[in-house]
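There are 2 protein chains.
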Amino acid sequence: MSREVVLSARPQGTPQESDFELRDVPDASPAEGEVSVRNVFVSVDPYMRGRMTGVRSYVEPFAIGDAIDGGAVGRVVESSYDGLAPGDWVASMLGWREQGVAAGAQLRKLDESVAPPSTALGVLGMPGLTAWVGLVDIGGVQEGETIYVSGAAGAVGSTAAQIAKLKGLRVIGSAGSDEKVEWLRSLGVEAFNYRETRAKDALADGIDVYFDNVGGEQLEASLGALRPFGRVIACGAISRYNDERPQPGPRNLGFVVTKRLRLQGFIVRDHSDRFGDFAREVGPWVRDGEIVYRETIVDGIENVPAAFAGLFRGDNVGKMLVRVAD
Amino acid sequence: MSREVVLSARPQGTPQESDFELRDVPDASPAEGEVSVRNVFVSVDPYMRGRMTGVRSYVEPFAIGDAIDGGAVGRVVESSYDGLAPGDWVASMLGWREQGVAAGAQLRKLDESVAPPSTALGVLGMPGLTAWVGLVDIGGVQEGETIYVSGAAGAVGSTAAQIAKLKGLRVIGSAGSDEKVEWLRSLGVEAFNYRETRAKDALADGIDVYFDNVGGEQLEASLGALRPFGRVIACGAISRYNDERPQPGPRNLGFVVTKRLRLQGFIVRDHSDRFGDFAREVGPWVRDGEIVYRETIVDGIENVPAAFAGLFRGDNVGKMLVRVAD
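From first to last, the protein sequence lines are chains A and B.
Mind the numbering: the first sequence is residues 59 to 384 in the working numbering, read in order.
Mind the numbering: the second sequence is residues 59 to 384 in the working numbering, read in order.
Keep in mind that the hints are not guaranteed to be accurate.
No copy labels: a pair is met if it fits in one copy or bridges any two.
SDA-like mimics (lysine to any residue), calculated; alpha carbons at most 25 Å apart, straight line [as the list claims (entries may be wrong)]:
#1 K223 with E203
#2 K317 with R352
#3 K317 with E201
#4 K317 with E353
#5 K167 with G91
#6 K258 with R309
#7 K317 with V159
#8 K223 with D82
#9 K317 with D301
#10 K258 with F120
#11 K223 with R338
These are computed hints drawn from the structure, not numbers from a lab.
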């Protein structure tokens, strides 16, 4: 037997622990081509909130009673797939489970000697690819430009901010605590605490690109601060995900015309063909310490819902993970 | 002596005739390289509203007491410029004046045998180039796609709708009167009266591209109707130009991320290098009647302010012009 977390109610507003429950499930054996995996780290990501609403978006919503799929890393227990053996580290979409079975071909084998396996859920995984694709393919950032990254201490934001620095941009970043601001400053980011400083003031010099992870007021301030021909990399809007009703958009969207702005949204899974290029550029930076990462690790599968809810309070510095096994 | 229209007060909300006054000015003679022109048609365009607010945008604001610069066509009276002779038709930026002097090199000589000179202010001028650049360079429209054009009976919109038809798109258009809707239907546009039909309902089948001339509710409805990877050609927002206070933006801007939308603003004067390509493609369509155009002509320079104000009530079908001489 092992445990998994299932959706028991659609969250109203901020997700509550009572929206989820633990369920015991019998262990399954892998069929031909499959592998059973014991998860070690499971990922909680802001985008999962959208799948809990029951509204069809770019991914199917979770049904009530579904276990929550998502990123996870773990070790192979039993394999009927040629490329994987017991003990191998793999990244999967097995989600909020202690143990599960997946097609071997859908797993990514991780080399522990290159980077800690948990980085496959963060700086060298989906959040890292999101940051890199956003900057390179969506934003087309150029050396010498100024970029503003909101949610800059998060998994995506902290990677985006550091990649932008390495590409020769001036980087301004916001976060919601002094601790996060201090960390960002240590990385060379001109950081401010958005709970204390208005983005409008922090961006008064103007920006060329806005990497939007939060939406709302930060987006409005950025539209005001963007220079002509500026771009918005529309990655996410964590400030909006728990809204019970749609909130009005920025009052200054007219700047899109007058300043010839481009707002472009993207979803990382459309860009999975870029993973190799991403890993070739960013992997060495992580290995050599030119990009650093932080992880906020919560222990125990029973604490996955609380860790998930904590994302929306900004409890995490860097990537939020739940360790479900040693 | 001749007359010109000057800005006497910054409009509050909808422009009023009292915001302008007529002024007599002595005739000037052209210096070397210059030409004096008697205007025949002067153009009133929605973008001019922005220059009246006193806020610096992509063009300098008009000062109180300034004559209003803008598009005009007229005939050369006296020339000290080699390429132009008295009687020649020229397009200029001489604006709301009966007569003026301009550098010959800044005038575009018009061939009356190709098209009526007034078209240089409409279908074959700035509004036509706006429509074409928006579709081709900003929207990247493709045969088989569905496009929604708001303000579709206006100078830009009616040209955009017809170019899109000729490029093999399905075209939905909105306008504010039954007369306009009838005209658009005669052009093969699936037209609706936005005062009677909600855009949300008219666009229920989905769209790939939205050519936005009006902003506001039409933009919100379009964000809802756009299919994944849809584009917004952000050309203008006439519904917003007279707002005294910034109004909230669309409540569904989150679709930019989930549907991977691209919103891109543009200003036609950044694209003047495309005029030749535009004229080569669209000129023959106009000549051969594959693109038709309408003009709403008001007589007398004293009526320029009323004609301008009428743009915001939708008084015009097609291009609004004021005839200031025979």
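Handout entry: Homomeric proximity label, K223 with E203: Cα distance no greater than 25 Å
Key = Close inside one copy (10 Å), not across copies (40 Å); limit 25 Å.
Handout entry: 25 Å Cα threshold - placement of R352 relative to K317
Key = Neither, since 37 Å and 30 Å both go past 25 Å.
Handout entry: Alpha-carbon proximity context of K317 and E201, limit 25 Å
Key = Classified as within: same-chain Cα gap 21 Å, cross-chain 29 Å, threshold 25 Å.
Handout entry: Intra/inter-copy verdict for K317 and V159 if alpha-carbon distance must be at most 25 Å
Key = neither (51 Å within a copy, 31 Å between copies)
Handout entry: Intra- versus inter-copy proximity for R338 and K223 (alpha-carbon distance at most 25 Å)
Key = within (18 Å within a copy, 45 Å between copies)
Practice task
Using 25 Å as the alpha carbon limit, work out where K223 and D82 are close: within a copy, between copies, both or neither.
Solution key: Neither. Shortest intra-copy (46 Å) and inter-copy (59 Å) distances fail the 25 Å Cα cut-off.
Exercise for the section: Pop the pair K167 and G91 into one bin, within, between, both or neither, using alpha-carbon distances up to 25 Å. Expected result: within (15 Å within a copy, 74 Å between copies)
Problem - Within, between, both or neither, where K258 and R309 count as close if Cα-Cα is 25 Å or less - result: For K258 and R309, the Cα distance is within 25 Å both inside one copy (14 Å) and across copies (21 Å).
Handout entry: Intra/inter-copy verdict for K317 and E353 if alpha-carbon distance must be at most 25 Å
Key = So K317 and E353 fail the 25 Å test inside a copy (38 Å) and across (30 Å) alike.
Exercise for the section: Can you give me the call for K317 and D301, within, between, both or neither, at a CA distance of at most 25 Å? Expected result: between (29 Å within a copy, 19 Å between copies)
Exercise for the section: Classify it for me, K258 with F120: is the Cα-Cα distance of at most 25 Å met within a copy, between copies, both or neither? Expected result: neither (38 Å within a copy, 27 Å between copies)
Figure legend: structure checked against the earlier numbered hints; hints not met, in rising order: 2, 4, 7, 8, 10.
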